[in-house]
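Residue numbers (the numbering used here), protein chains in the order written: chain D, 1 to 282; chain V, 1 to 497.
Think of the hints as simulated: they come from the structure by calculation, not from any bench. Fair warning: this is a prediction, and the values are worked out from it, not measured in the lab. A portion of the hints provided could be inaccurate.
Simulated pairs of lysine to any residue, SDA-like, Cα-Cα distance not exceeding 25 Å [said to hold, decoys possible]:
| no. | chain 1 | residue 1 | chain 2 | residue 2 |
| --- | --- | --- | --- | --- |
| 1 | V | Lys128 | D | Gly42 |
| 2 | V | Lys491 | D | Gln37 |
| 3 | V | Lys471 | D | Phe70 |
| 4 | D | Lys55 | V | Pro271 |
| 5 | D | Lys43 | V | Glu134 |
| 6 | V | Lys497 | V | Glu272 |
| 7 | D | Lys43 | V | Gly495 |
| 8 | V | Lys287 | V | Gly277 |
| 9 | D | Lys4 | V | Ile24 |
| 10 | V | Lys286 | V | Ile475 |
| 11 | V | Lys367 | D | Phe251 |
| 12 | D | Lys39 | V | Lys497 |
| 13 | D | Lys4 | V | Ile22 |
| 14 | D | Lys43 | V | Gly458 |
| 15 | D | Lys51 | V | Gly495 |
| 16 | D | Lys55 | V | Glu481 |
| 17 | V | Lys128 | D | Phe251 |
| 18 | D | Lys55 | V | Asn484 |
| 19 | D | Lys39 | V | Ala135 |
| 20 | D | Lys55 | V | Lys497 |
| 21 | V | Lys128 | D | Gln37 |
| 22 | V | Lys246 | D | Asp125 |
| 23 | V | Lys246 | D | Met113 |
| 24 | D | Lys51 | V | Glu481 |
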Amino acid sequence: MKYKKALYEWIYILPALITLTILFIFPLFFNFWISFQEKSLGKEASFVGLKNYIKVFNSSVLYVSLLNTFIYAFTAVFFKTIIGLTVALFLNMKFKGRGFLRGLSILPWALPMYVVCVLFWFNYDAKGTFNNLLRFFGLKPIHWLGFDYAMPSVILINVWHGWPFFFMGILAGLQAVPIELYESAEIDGASSFQKFIHITLPFIKPVILTVALLSLMWTMGDFTTIYMMTSGGPVDKTLTIPMASFQIAFFREVDIPLAAAYTIVILPIYLVLIFITLRQMA
Amino acid sequence: MSGEKVEKKKISPSLIIAVVVIIILLAALVYYATLPPKVEVVPTTIVQTALKTETLPGTTIVRTEERTVVQTAVTTVAPTRPKLVIWGRGTFVPPQMYWVEKKAREWAAGKGVDVEITWIPVAEIGTKLTAAVEAGAPPDLVINGHPVARFAEAGLLLPLDDIVEKLNESDIYEVKRAVCKWGGHYYAISTMFEITWIHARIDLIKKAGAENLWPPKNLDELYELAKKLNDPAHEVWGLGIPLGLKGYDAWWQFQHYWIAYGGAMMESKTPEGVLIGKEPYRSGLKKAFEMYVKMWREGLTPPDSGEWVDASNNQAYINGRIAIAINPLSIYYALATSKPELAAVTSLAPVLPVSIDLGDESCFVFKTTKYPDLAKDLIYYLYKDKDDYTKGFCEASSWYAFPIFKSQVAKISERWKKGEFKYFAVDPAKVVEAIKYFESGSWPLLERNTVCESFREGFIWTEMIQRVVLKGEDIDKVIDEYHNRFVEEIKRVYGGK
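Please model the entire structure based on the sequences and the hints provided.
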């Protein structure tokens, strides 16, 4: 009986296991294996030990892209949290048209990233929406994707696209807060701010943390925005980890094993984030 | 659990059947995936005098004095109609793609072959081809695509000597032949000359009283002209200088200055052969940078040109934001087809003293193709009727493309002399003949190689230009850094210490 039960269990999880192995485990091991190889384009690979890793650590690209990725991801997540929280608090209140506004708020997140980037091409253009607005208010136009503003500009796109995810998560968390607690607090004479700090925030803290961690991982791995808007430039101003590995693999060195080593080197950062997220979710 | 009644569960028969079916399906999948292709053994002819010959079924091993050559003597028999997978670089002038599609389908219909043509954007074709090669699934052939050198030097392409011979080798311009040749063999055939022209607003030149500077004889005169035409208060800048990271235009426009002021890239594929930072070539590059910095600081180009992609200077000229643009005739093509009033006040002159060919688009065949003869025959078919190629691929693009054949350029020259194409300030044949440099090639060593192609395809040169012009880094420091970087790449790709 015990064995039969175990057999059942294995049979049920077999399809998922096979899919996971083919789509995730195998590529991961292949990536790890190839990072110790040297391989010319279209040729067989040969073992070179730690050569690729030494090259990665000796290259400034690793440090520049790491720094840029942290700036990009942490800044974007910070603003997404603030905006998502504010809008969620606002749309958690009861008023006419709330449902419509909730639906409207999800719109940016519903758009595919490349569509958002195309929209922002027009916004960031020298004669685009944003500069026309600046001119309207008598201000000088900004070169949004130029050397000085490229990073804030790509962060803005990420924030614009990603805040509704925070809003949805936090709103769900807010709806789970028992109303009785607010009623008791009101009887005790608590102010709105005190209610927020002592009731709302402790309740939604796990939600905020989970959403923020998930978003942090996704933002660190965001390729489309950088590729479509700046390709990592001007110079290396917006060169993030995904863009740098793409460049190493296909653009510049055209060296797949080196790119693999690069991704293995930064893998622990993602693993730590995944670990914290899973613990948080548990 | 004691005393608890445990119900005995039986494995349901439907579950067992489902598992068996899945196992059979998986086994069938594995069987067919590992099945070798159906082959027909063709008798082999030994082509060399051998010291000792061993014949294995389907394979002949020929031992010569120097080495052993294994000639596989099998021909894959296609179970269905042959199909060629073709990739091409999408161009700015759609008639070129229409012509290629028409010719390829015409040829396919005649030969009983299926063709699948995919057009890939300019900035992505290099990446996609590289990824396809690494995945072991490149297209059969590429029409009007790039890069080439990285595949040719890795021995992944089929030689096309016989096609070049059939097209009359001596009728193809030397510069176009040189950049398609590796180790004495042709592995690609260029699809066109893509000449850079100075597009200038004659109405603005007259208004500024700068007729004496048109056409400019050199880049210093071009600078003077741009200065006279510069009117940022009315949002019209003198010259469009592309400086964006994700664009080839930034590279080749600077390349004109680099060569014109006496700089050089390499004289041989060795670390010692790199000339970028060596005197007297270093001074040439330095002068080019100084000119660029001067033009940027004086505001001769729109302030957003640091963000431009390849189409941006086209757009800037078409929208009247710049008075002068250096570009192939894709700008003129757009004006002629959609803004004739601006075309009428636009004049074209060659970039002097150095004219560079941007036409690195080529046709080439991957060795992995199952149909090498068909693929080569299709390439031959595209060029065979040279008049049709000139008319359909070149003239239809308003001469964005110029033919690679001397005989055809001579015909264009005759027509110019008879009064056609008067928007060319000079005989276009003279401009073609003056071309000695190539966008993705090196100089003075005239060849396309993996390193110089990668620096161009990977926008590494563009990054170098941005660092000096936009970031304001020290020119000497930047030259040293990119010289060393180029040397390292030469060592990595070709060896040497």
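To see whether the hints hold, each was checked on the structure:
1. Lys128(V) - Gly42(D): holds (14 Å)
2. Lys491(V) - Gln37(D): holds (18 Å)
3. Lys471(V) - Phe70(D): The hint holds at about 22 Å.
4. Lys55(D) - Pro271(V): holds (19 Å)
5. Lys43(D) - Glu134(V): Holds, at roughly 8 Å.
6. Lys497(V) - Glu272(V): Since the Cα atoms of lysine 497(V) and glutamate 272(V) sit roughly 9 Å apart, the hinted pair holds (cutoff 25 Å).
7. Lys43(D) - Gly495(V): The hint holds at about 17 Å.
8. Lys287(V) - Gly277(V): Cα-Cα ~13 Å, so holds.
9. Lys4(D) - Ile24(V): holds (22 Å)
10. Lys286(V) - Ile475(V): holds (7 Å)
11. Lys367(V) - Phe251(D): holds (23 Å)
12. Lys39(D) - Lys497(V): holds (20 Å)
13. Lys4(D) - Ile22(V): At roughly 19 Å apart (the allowed maximum being 25 Å), isoleucine 22(V) and lysine 4(D) satisfy the hint.
14. Lys43(D) - Gly458(V): Between lysine 43(D) and glycine 458(V) the Cα gap is close to 21 Å, so the pair holds against 25 Å.
15. Lys51(D) - Gly495(V): holds (16 Å)
16. Lys55(D) - Glu481(V): holds (17 Å)
17. Lys128(V) - Phe251(D): holds (10 Å)
18. Lys55(D) - Asn484(V): holds (15 Å)
19. Lys39(D) - Ala135(V): With a Cα-Cα distance of about 13 Å, the restraint between lysine 39(D) and alanine 135(V) holds, given a limit of 25 Å.
20. Lys55(D) - Lys497(V): Since the Cα atoms of lysine 55(D) and lysine 497(V) sit roughly 17 Å apart, the hinted pair holds (cutoff 25 Å).
21. Lys128(V) - Gln37(D): holds (22 Å)
22. Lys246(V) - Asp125(D): Holds - the C-alpha atoms of aspartate 125(D) and lysine 246(V) are around 15 Å apart, at most 25 Å.
23. Lys246(V) - Met113(D): Distance ~19 Å between lysine 246(V) and methionine 113(D) Cα, so the pair holds.
24. Lys51(D) - Glu481(V): Given that 25 Å is the threshold and the Cα spacing comes to 22 Å, the pair holds.
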